Amino acid sequence: MGKKNTFLSVIVFLFFTVVAILILIPFLAILIASFKDGTDMIRNGLNLKIELDKMSLDNFKLLFSGAEEARKYFMWYKNSLILTLSQVALTLVVSAFVGYGFAAYDFKGKNALFICVLIIMSVPFEILMLPLYTQVGDMGISDTYAAIMMPFLAHASTIFFFKQYLAGIPGEIIEAGRIDGASEYGIFARLILPVMKPSFAAMAILNAMNSWNNFLWPLLVLRTDTKYTLPIGLNTLLTPYGNNYDLLIVGSFCAILPIFILFLLFQKYFIEGMTAGAVKG
Amino acid sequence: MFKKFIYSRKIAPYVFILPFIITFLVFWIVPIAKSGLMSFQSIQFSDVEWIGLNNYKRLLGDSQFILAIKNSVRYMIGTLVLLIPFPMLFASLINSKIMKGKGFFKSVFFIPALTSVVVAGTVFRLIFGEMGSALMNQFIGIFGFEPIKWLKNDLTAYFALLTLACWRWTGVNILYFLSGLQSIPKELYESASIDGASAWKKFIKISAPMLKPTIIYVLTISIYAGLSMFVESYMLWEGKNSPKNIGLTIVGYLYNQGIRKNNMGYASAVGLVLLVIVMVINIAQLTATGTFKKEAR
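First to last, the protein sequences are chains B and F.
Residue numbers for the first sequence follow numbering that gives the first Met the number 0, so the first one is 0 and each next one is one higher.
Residue numbers for the second sequence follow numbering that gives the first Met the number 0, so the first one is 0 and each next one is one higher.
Please keep in mind that the hints were generated in silico from the structure rather than gathered at the bench.
Note that this is a predicted model, so its numbers are computed, not measured.
Below, in silico cross-link-like pairs of lysine-lysine (DSS-like), each with a Cα-Cα straight-line distance of 25 Å or less:
no., chain 1, residue 1, chain 2, residue 2
1, F, K101, B, K3
2, F, K99, B, K267
3, B, K109, F, K2
4, B, K162, F, K9
5, B, K162, F, K211
6, F, K151, F, K69
7, F, K9, B, K109
8, F, K200, B, K2
9, B, K267, F, K101
10, F, K185, B, K3
11, B, K2, F, K99
Extracted from the complex, chain B is given alone in its bound form (with noise of 0.2 Å):
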């Protein structure tokens, strides 16, 4: 390597730490306003004085009080956990059978269907959220978690990558099971799903993340605090009352943990989900 490109490669360093640095600060602005009083907030918003004698571990003593919040806290907590989980096995589960039947078969009507699903994929949620909700309240299932899920089980960007990953399968494998006298559902649920075992990791985490992290359509469906998920139950605690932004800021911190704990043990699969729909081309 020349001098020239040892000096650019310095300079580039230098700048992307510093934006490395820029978007790290709001994570260290939590991290220092969950030491500081909720009311600090309040009155002087988000900055990064660490003022030892305004600190204290007392809102993290809050969350583990047992107080009437942090139970409720933990509750929220725990909804979202079985939230995620089950909305996690059932989409893969159910879009896993969904995109194998696109890709193992030939059948009248596959093209229009699947492109069904491409213009679903693209279509926001938003613009489609009104007529759900009035969807969801006449079949009368608002309140529930059957509500937040069952519109996105068969769920359309994870068939989509499903049914890419199943073209790379040899066609030899459902012959053999054919030929074995396997039924067309004992060929998938015995020869293709172990297969795809590793396409799983990738899907199961971005939908964990979207789950996790899903704000809008919960908000609408969910009425009753005791169902609240997270992101739903924080929302509530924005009201200046109370001792609502000491269990605010550490709730929000906490909420970040277990889908940061899941980046780092699986980034791998993380940006194999991510980038699945970018190089369809």
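Following the hints, put chain F in place on chain B, whose structure we already have.
Same frame as chain B, but now just chain F:
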């Protein structure tokens, strides 16, 4: 008999895609059809009245709706200008030989995308607080500026929204461009190097044109995301109306009419007009990228 029917090879494909067909009918076709019906009605709780095209007529002269469109389009253009060229350049730098610590930067830039909009929006609302002690005001204070009421003025609020968007999505778009760059054959760069092309020339002559599919993809999702932005502005203004509606977006308007005012008839008309616009863009894009032909093959 039924079992035999379900298990036959002709029927099996339809059983496999049945969950999708049901979802499509129950959560797409039926709701949209109902919404179409409602758009010709005035609905106040159980009071339903057929009013023909009045909702659509009202839409044309609704100044708030026009303001919402203006805000959303402006936001979308801002995100296109900031969230395509810069991530593309960053990705090229990360992908280049002179870059040290690629993996580290790639991860750090991606971290904001992991946060929920509730957390991210709240943090940015407090960073853009109007007090002198809020982070942004402290920052401009270094250069001798007076504190600004960021979220109460049109342009500064626009700036805050764009900052939030860039913070959350730069890393994701970098990943898209990186995966695009990695699919470009290395030989192209090697032969350009032999011809003595500079790094900038290689970027303009090789990377940029070869990235076209990625650019189209990022462009499309950015247009949709920009036009349908709502929760970001909902969080920045704590779920309330923004002063002089500076943060009102198209979807925000839909939410106000449908959920807050429970004016479902009019909101359905707004929603359907938007759906038609989105579908036109969508079908144009699918045609332009040749998806229809590809699938028909």
